[in-house]
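Number of protein chains: 2
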Amino acid sequence: MERSFLLRGNVIWSETPRKLAAAPRSYAVCLDGVSMGVFPEIPERYRNLPLLDCGDSLILPGLVDLHLHAPQYHNRALGLDLELLEWLGRVTYPEETRFSDSAYAERAYSDFAQALKQSATTRACIYATVHTEATRRLMELLDETGLCCFVGRVNMDRNAPDNLCEADAETALRETERWIEDTLGRYRNVKPILTPRFLPACSEKLLAGLGALREKYRLPVQSHLSENTGEVAWVKQLAPDSQSYGHAYDRFGLFGGDYPAVMAHCVHSTPEEIDLMERRGVFIAHCPQSNTNLGSGIAPARLYLDRGIPMGLGTDISGGHSLSVFRTAEEAISVSKLRRRLLDDSLRPLTAPEAFYLATKGGGAFFGKAGSFEEGYRFDAVVIDDGRLAAPRELTLSERLEKVLFLSEDRDIRLKYVDGLCVLQQEEAV
Amino acid sequence: MERSFLLRGNVIWSETPRKLAAAPRSYAVCLDGVSMGVFPEIPERYRNLPLLDCGDSLILPGLVDLHLHAPQYHNRALGLDLELLEWLGRVTYPEETRFSDSAYAERAYSDFAQALKQSATTRACIYATVHTEATRRLMELLDETGLCCFVGRVNMDRNAPDNLCEADAETALRETERWIEDTLGRYRNVKPILTPRFLPACSEKLLAGLGALREKYRLPVQSHLSENTGEVAWVKQLAPDSQSYGHAYDRFGLFGGDYPAVMAHCVHSTPEEIDLMERRGVFIAHCPQSNTNLGSGIAPARLYLDRGIPMGLGTDISGGHSLSVFRTAEEAISVSKLRRRLLDDSLRPLTAPEAFYLATKGGGAFFGKAGSFEEGYRFDAVVIDDGRLAAPRELTLSERLEKVLFLSEDRDIRLKYVDGLCVLQQEEAV
Numbered sequence: 001m002e003r004s005f006l007l008r009g010n011v012i013w014s015e016t017p018r019k020l021a022a023a024p025r026s027y028a029v030c031l032d033g034v035s036m037g038v039f040p041e042i043p044e045r046y047r048n049l050p051l052l053d054c055g056d057s058l059i060l061p062g063l064v065d066l067h068l069h070a071p072q073y074h075n076r077a078l079g080l081d082l083e084l085l086e087w088l089g090r091v092t093y094p095e096e097t098r099f100s101d102s103a104y105a106e107r108a109y110s111d112f113a114q115a116l117k118q119s120a121t122t123r124a125c126i127y128a129t130v131h132t133e134a135t136r137r138l139m140e141l142l143d144e145t146g147l148c149c150f151v152g153r154v155n156m157d158r159n160a161p162d163n164l165c166e167a168d169a170e171t172a173l174r175e176t177e178r179w180i181e182d183t184l185g186r187y188r189n190v191k192p193i194l195t196p197r198f199l200p201a202c203s204e205k206l207l208a209g210l211g212a213l214r215e216k217y218r219l220p221v222q223s224h225l226s227e228n229t230g231e232v233a234w235v236k237q238l239a240p241d242s243q244s245y246g247h248a249y250d251r252f253g254l255f256g257g258d259y260p261a262v263m264a265h266c267v268h269s270t271p272e273e274i275d276l277m278e279r280r281g282v283f284i285a286h287c288p289q290s291n292t293n294l295g296s297g298i299a300p301a302r303l304y305l306d307r308g309i310p311m312g313l314g315t316d317i318s319g320g321h322s323l324s325v326f327r328t329a330e331e332a333i334s335v336s337k338l339r340r341r342l343l344d345d346s347l348r349p350l351t352a353p354e355a356f357y358l359a360t361k362g363g364g365a366f367f368g369k370a371g372s373f374e375e376g377y378r379f380d381a382v383v384i385d386d387g388r389l390a391a392p393r394e395l396t397l398s399e400r401l402e403k404v405l406f407l408s409e410d411r412d413i414r415l416k417y418v419d420g421l422c423v424l425q426q427e428e429a430v
Numbered sequence: 431m432e433r434s435f436l437l438r439g440n441v442i443w444s445e446t447p448r449k450l451a452a453a454p455r456s457y458a459v460c461l462d463g464v465s466m467g468v469f470p471e472i473p474e475r476y477r478n479l480p481l482l483d484c485g486d487s488l489i490l491p492g493l494v495d496l497h498l499h500a501p502q503y504h505n506r507a508l509g510l511d512l513e514l515l516e517w518l519g520r521v522t523y524p525e526e527t528r529f530s531d532s533a534y535a536e537r538a539y540s541d542f543a544q545a546l547k548q549s550a551t552t553r554a555c556i557y558a559t560v561h562t563e564a565t566r567r568l569m570e571l572l573d574e575t576g577l578c579c580f581v582g583r584v585n586m587d588r589n590a591p592d593n594l595c596e597a598d599a600e601t602a603l604r605e606t607e608r609w610i611e612d613t614l615g616r617y618r619n620v621k622p623i624l625t626p627r628f629l630p631a632c633s634e635k636l637l638a639g640l641g642a643l644r645e646k647y648r649l650p651v652q653s654h655l656s657e658n659t660g661e662v663a664w665v666k667q668l669a670p671d672s673q674s675y676g677h678a679y680d681r682f683g684l685f686g687g688d689y690p691a692v693m694a695h696c697v698h699s700t701p702e703e704i705d706l707m708e709r710r711g712v713f714i715a716h717c718p719q720s721n722t723n724l725g726s727g728i729a730p731a732r733l734y735l736d737r738g739i740p741m742g743l744g745t746d747i748s749g750g751h752s753l754s755v756f757r758t759a760e761e762a763i764s765v766s767k768l769r770r771r772l773l774d775d776s777l778r779p780l781t782a783p784e785a786f787y788l789a790t791k792g793g794g795a796f797f798g799k800a801g802s803f804e805e806g807y808r809f810d811a812v813v814i815d816d817g818r819l820a821a822p823r824e825l826t827l828s829e830r831l832e833k834v835l836f837l838s839e840d841r842d843i844r845l846k847y848v849d850g851l852c853v854l855q856q857e858e859a860v
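Residue numbers (our numbering), protein chains in the order written: chain A, 1 to 430; chain B, 431 to 860.
Honestly, I wouldn't trust all of these hints.
A few chain B positions that, by computed beta-carbon distances, are all more than 12 angstroms from chain A [what the hints assert, rightly or not]:
hint	residue
1	T446
2	G467
3	R604
4	P630
5	I739
6	S752
7	A795
Among chain B residues calculated to face chain A with C-beta under 10 angstroms, some are [stated by the list, open to error]:
hint	residue
8	H504
9	N505
10	R528
11	Y534
12	L614
13	Y617
14	R710
15	L819
16	P822
17	L837
Because the hints were derived from the structure by calculation, they are not lab data. Ideal Cβ placement from N, Cα and C applies to all residues, glycine included.
Using the sequences and the hints given, assemble the complete structure.
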């Protein structure tokens, strides 16, 4: 019965990008970790379940972060006057080299896991570094939090600093397979994901080998795609025969299809690349804060959403500086307005319900049925006390949600559930 | 001696937009509310002053908010899918009509004053509404916080909803003068400022009368300028003889000169308007979060900064949603990157030290010598415990400042001083 109960409160979730569902003072039913739906009164068949009354709090699906780099957690907000390629060399790679030191990794990853636990995020796709031991330790620490995570040992065998560059493709693949064998099925909530860093840092041989590992172990893939104009130009030089940046992954079976792939950014995707993503069912991790910080530009999220391409949000720590997916949702709305004003007035800005959809059900789809309270979804929830944001007049639930997207802080989270297990309970909890 | 003391800690301030000064473990000297400078050791002549050791905390000048609307505090994050003119009609004006109700005003303004007190802001230029009594109450509440504020009773005598539109220019001017007589010199920290809302809402007769009041009472002026393309086009229709939007204020003596004026936004200022601002010493309140939220665009802050036009930051509650000037500084940096990428690559993005300058000394100049610890400046300070943002490696003071700009929250503020008086002391305070 531990994972079977009723939560009472103001329940809000997305049915579609345009359709926000809001049930005031209603009952969300969790049975063995799975949502049975939301009801205005307790259905007869659930009368015996324990009930937790969350008062006037908001009950939202857990947030999903489709793209972030755990070793960059302590680099948040640093070096943000640089663009992508220079920033990698001067800020990102130097920090990642520190993860060969297990004491450093222990401290940094402990801080990261604790911060992620205290955020509204319940599921995430996470990059580690090339260091196998530190990656394994990160997976353990995350598993202890109860959050559901895909974690990737990063592959790089070219165009990377010596101490982060794997000796050659064979070594990289051997070590990656050893890591997969070691971690696949080992944890309750954490799973490995193949992680070629990005095309400029991966030889064709490495990519081909990762494609074979994907088939052998039926693994998902995460990487970067069409983020920055400098990077895109470089990929054109490196893979002159590919019809697009995405095609350069697709040639090796690393671009969706049988097993899901999530590609971060897609700021500068060409029409051919977008068509290919659509055909392969590739997930987009939209990372607006990072794209702004690194001067990459603004991805056409409205276009992707209207085309029905699977999409969620990514904080992209530390291209993005905030670990909060609420802040990412805020930025997704904000930059979509600037994009219309400055770049292309044919694409309407994202609305708050659409950004909320991306933050929950949109990204959740990468994990199966997650990110909603509809029947059959994994029961992931955050209970938010938004009393700090109250007004002298009564606000609608959709107004309260808007305020939470733009103004809530981690300290407003009272409870967090993943798969029906309570993983966080904060002071003044209901 | 109450306002004479030494603060020890990591002191950071701006000398110029490009020159950040950082004094680790040093002594900031306050004598009768005025800064005497920052010293690595206690100078002999100050040996007898009481010393407060702030440990490893950061000591920054208080932040300055050059533009915000107090009655919109509870509207933060609401209606942000609308552009300026529609948003005024559907979100802003309906809220302002509520301030004819003194009970509503009491509650809303109390919340606002409390929130401003708990922020890092020490000085602000604030709009109230057309309601004289509520405006006076706001001034009292702010005076009790110890913050230094200019507060404006708003003038509108055309193109406004009936219940916010003053009967005619004569009535508006009579009531405004009554309010000035009543409040000028009445408070310790709060002063009246003339506040024609924006040109579309003010007749020529009203503007001319306000120009006369400005001379008679030697008052500063605040208003809006060239915010949104729809508004700018409207002003062209309403004031066809003016060479620019700014010139339409200048004709009535409301655009700087002998007494300072601060104009919010300046997103779409023409070269003629910029020349006029420069000649008149008009202050710009740069409000990047608001300009993004309302789809107004991105002001060329780099251009203004390099031209030496006086400029600070404005949260523009509730066009902007965050009351934190740190967040405004973050946005100023962020949007300057998007502006370069999407609009005009000749203007370099703002750096973190430049944004910090705008948030402190840049805006502080509107209040005289404020926003720095240089000798002779008003001693306004915030003591920030940034322990939450620490990393496993040692960060430089300038890195710690970057983190504070992007990631600090109000709860990190331990102490706040205005004119050498402690106005805020929070739990776990040093």
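Against the structure, the hints:
no., hint, verdict
1, T446, "holds, 18 angstroms"
2, G467, "holds, 29 angstroms"
3, R604, "holds, 30 angstroms"
4, P630, "holds, 20 angstroms"
5, I739, "holds, 23 angstroms"
6, S752, "violated, 7 angstroms"
7, A795, "holds, 25 angstroms"
8, H504, "holds, 4 angstroms"
9, N505, "holds, 8 angstroms"
10, R528, "holds, 7 angstroms"
11, Y534, "holds, 6 angstroms"
12, L614, "violated, 30 angstroms"
13, Y617, "violated, 24 angstroms"
14, R710, "violated, 29 angstroms"
15, L819, "holds, 8 angstroms"
16, P822, "holds, 5 angstroms"
17, L837, "holds, 5 angstroms"
The earlier numbered hints that this structure contradicts are 6, 12, 13 and 14.
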